[in-house]
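Peer 1: Top to bottom, those sequences are chains S and U. Sequence positions in the first sequence follow numbering that gives the first Met the number 0 and run 0 to 556. Sequence positions in the second sequence follow numbering that gives the first Met the number 0 and run 0 to 556.
To be clear, the hints were calculated from the coordinates, so they are not data collected in a lab. Worth double-checking, as some hints may not be accurate.
Identical chains share a label here; the pair holds if one copy fits it or two copies do between them.
Said to hold, decoys possible - Here are the simulated DSS-like cross-link-like pairs (lysine-lysine), alpha carbons at most 25 Å apart as the crow flies: (1) K20 with K540; (2) K54 with K181; (3) K54 with K540.
No experiment lies behind these values; they were computed from the predicted model shown.
Number of protein chains: 2
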Amino acid sequence: MRVALAQIDPTVGDLDGNTAKIAAWIDRAAEQGAELAIFPELCVPGYPAEDLYLKRHFVAANLTAVEGLASGVGAMTVLVGFAEPVAAGAGRRHAHNSLAVLRDGAVRAVYRKNHLPNYAVFDEQRYFVAAGEPATIDVAGVGVGLTICEDLWEPGPPASSEAAEGAGLIANPSGSPYHRGKGRERERMLALRAREYGTHLAFCNLVGGQDELVFDGHSFVVDPSGAVIARAAQFEEELLLCEIPSAGGARLAEPLPDLAEVYAALTLGLRDYVRKNGFRHVGLALSGGIDSALVALLAADAIGAGNVSCVVMPSPHSSPETQADARAIAANLGAEAIEIAIEPAMAAYEESLAGPFGAALEASGGAAEPLPRDPTRSSEPDLAAENIQARIRGNMMMALSNKHGWLVLTTGNKSEMSVGYATLYGDMAGGFAAIKDVPKTLVYELVRYRNEREGRELVPASAIERAPSAELRPDQRDSDSLPPYELLDRVLEAYVERDEGREEMVAAGMPGDVVDEVVRMVDRSEYKRRQAAPGIRITPKAFGRDRRLPITNRFGE
Amino acid sequence: MRVALAQIDPTVGDLDGNTAKIAAWIDRAAEQGAELAIFPELCVPGYPAEDLYLKRHFVAANLTAVEGLASGVGAMTVLVGFAEPVAAGAGRRHAHNSLAVLRDGAVRAVYRKNHLPNYAVFDEQRYFVAAGEPATIDVAGVGVGLTICEDLWEPGPPASSEAAEGAGLIANPSGSPYHRGKGRERERMLALRAREYGTHLAFCNLVGGQDELVFDGHSFVVDPSGAVIARAAQFEEELLLCEIPSAGGARLAEPLPDLAEVYAALTLGLRDYVRKNGFRHVGLALSGGIDSALVALLAADAIGAGNVSCVVMPSPHSSPETQADARAIAANLGAEAIEIAIEPAMAAYEESLAGPFGAALEASGGAAEPLPRDPTRSSEPDLAAENIQARIRGNMMMALSNKHGWLVLTTGNKSEMSVGYATLYGDMAGGFAAIKDVPKTLVYELVRYRNEREGRELVPASAIERAPSAELRPDQRDSDSLPPYELLDRVLEAYVERDEGREEMVAAGMPGDVVDEVVRMVDRSEYKRRQAAPGIRITPKAFGRDRRLPITNRFGE
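One chain only, chain S, in its complex shape (with noise of 0.2 Å):
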């Protein structure tokens, strides 16, 4: 049997656009005389769509697009993911995550998915009834047993009782989203399963951004032994061929190197953005430091240097050195430049406020955006200036965005945005936050590794060896405030990503004091989050729908 693996990049909501696109598939996997086509998790609608999936006349008009879809199949066999209308009665969720099969005109059989994750970004128990049947279609005299993405991962039915019905394939379409390494994690969970079983397993993955997430194709076909017979590009939409039984000769794309991976999933997961939302153009910051330097890397590979716009702000407290780095970057590129003087508006807020404050603003001491809670708040009337400069460039920047269209791109990096060490309005004012899931230290990796890549510095060596600072104070040093970014980002990963408390992170070696100083860090700014831009998830814990709590908190570890 040959079988179409076909990977694609739909856009969430857009049912004429992703059906289109799954009939021009359609008829490309017919002309590579495919038997069988399989298309990603929800294709048709769009994944995830949230809560369009709880309108009503959204799901009715996703059928529609299917019936349509299947009235233009031949005699091969078509698997698309939709939404699936569920008979009434059935309280406030109106749909099935299901399988159409499609063939000769209609669509032959519906397969509904067993297993609704509802961890982690997964929200799958709040739109979808679940239902309880293994289905097994016949392909070309070849039993093909049905799942959907989580179906595989759990052990048990449908899938061993598919298998022990025979079937010799099972397809698994899948909305599976990527973070660092989880491709190798596929491939093992796949591999034990097909092995356990005794069949062959196809995934087939989405492809593509969409708002927080980012899918990375890597679909695959493993044999009964596990091993991996075909293997897709990662990040990009394909077409995978394959022969059950291996025939030998199917693509075998290479899975790409560690920072490779990341920097790949960063670039797509910031171009579907900017593309799914009709950008053309996109404006950033550029101070002359590592942060900024990766989003305009990442900028200019997304969706070309033509279509970056840098901007150079730079106050009395920015070094002619990192203005010098940030010139250079731009020009590295060959992405415009823009400066824009700030002292003015920086003497205007001065003037207007001094009155207010009853007392002139000083730019010394201090820390960036104050904490709530914080008793020693107003004792440290310097945050306030500082913060005015920060702002001050979040309007410019914004400024510029209402006037030539453009998005605005924030340049926080997960170590910050984690700790606090960010001024809401000011450098987090933008619509999206390419590197928001970027540790400091991975921040480092990439700019080296995209440096390495081009063969020359992209980015000065003097903007990475240069001591972090956020420039807002005379002689102000990131190191003032927070823990060096080694120690910050392993314990930061204990707490954020792994749910660690205090014990189990001394016990692992990290310093008492630094680790209850980082959580109190992290657990007050909850506030600053919740108003931070969107960006990527490339960890297994991102902020944002991956990681939901309260403000209001007052458990301390």
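Fit chain U to the supplied structure of chain S, relying on the hints for placement.
Peer 2: Leaving out everything else, chain U in the frame of chain S:
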């Protein structure tokens, strides 16, 4: 049997504080001769504690707290809600949503919630493992059936089984959040169940604010005929005592009339957000318009006018009448009024942006914040000038917050938040959005209600009667860009709160062109709402945890 319903206001995560409060109220109930004391759902850890329930060490600590409570309990039976650790192997979830039955110094039994809501604001299947067992305990010779919140809303077991086995009372500790009219819905539902099962039912609800939610208390007992025989106050802590069967004489608090109820909900939600996050003072930008007037009223009622600073920031487009109204409102309330000129900052931005804009800023034409995907944006440069004014004000408010430790309240209503008629980082800058879920038409009603209650015009008639305007350019009116608010609010209720499609709305008599335009505006503003401050839910569907729509979304109806 004498029952005490302990309608308390715990704080999420404050295990020590909650335990101390529960212990004190146990003593009060014992002093009143109660044989059974019922506390609300999950009152030990607080509710909803969201992803705190995923931390093993949090769940372990809340169990320790319950065991500590138990040791102080005597002959009275006490029901307290807690997160009960599950045995290993339950995957990512670590807890049941449970009731501990405390008596004679120990935990005597545990009941586990059967029905876990996973819709609207509820994510209980993310956190808890459901159980399927009813439980009846004996208290002073009466069988007391145990349920938790949703368990009684679903017909059938566990309540039907407990009643069938002879329970004379079914206890229903709850964490049921408020929306307008919810109290009447609950009384109707529980009266129905009481008659169906032929038992008494005791509903004991949380009270207090937690981020976006406000719990209204309004605990009550119904007898087997469905009659309410005891009722506690709304929006206040109360220990409600009731003899079962009724001996008469129990307290029957009168439910508040509609507008008073909404006003009380907003006041409590605001007070608890301020208090539980450790603030003592709030600031707001008071324009002289109706929205900021309502926020000022609420703030003064919530925490006292002496803790409220009103900041008046006129621009050249602010009318003298509006400014006079702003000053009058602050004076009538007895709140501090601070005046800040924003013209110097406007001039500074104009100077710095003249080059990058390629032309001087002009202030005429256009609506508020431009929308993403809006192809006309770059041809509406005046939006930039309008938004700069709003963002200067936002920066001033944040500078005062940084300097003085205020919580800044934003003043946008639900109608504006729906259609994006607000400036991100401008009037949307702040920590709490008290009237975010209040439609514009209801804003007027609430201000009139509050004036009437006062017996004088706290808010001058001129502020109520003036045509709404953002005053960001000469002679601007909301009606230039938006349909009349009466019509807009009807469309929004159908689209946002009831998820209706175009067809249904038009069939209900709404003009098709208005529906199309409103739907377009709502969908395009999703990115702004994602960065909005949290606010208090008072309708059946609020923005926030309650409505989860993708930003990237091409479905247009």
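Peer 1: Take the hints in turn and mark each one as holding or not.
Peer 2: For each hint, the structure was consulted:
no.	hint	in the structure
1	K20 with K540	neither (32 Å within a copy, 35 Å between copies)
2	K54 with K181	between (32 Å within a copy, 23 Å between copies)
3	K54 with K540	between (29 Å within a copy, 14 Å between copies)
Consistency with the previously given hints fails for number 1 only.
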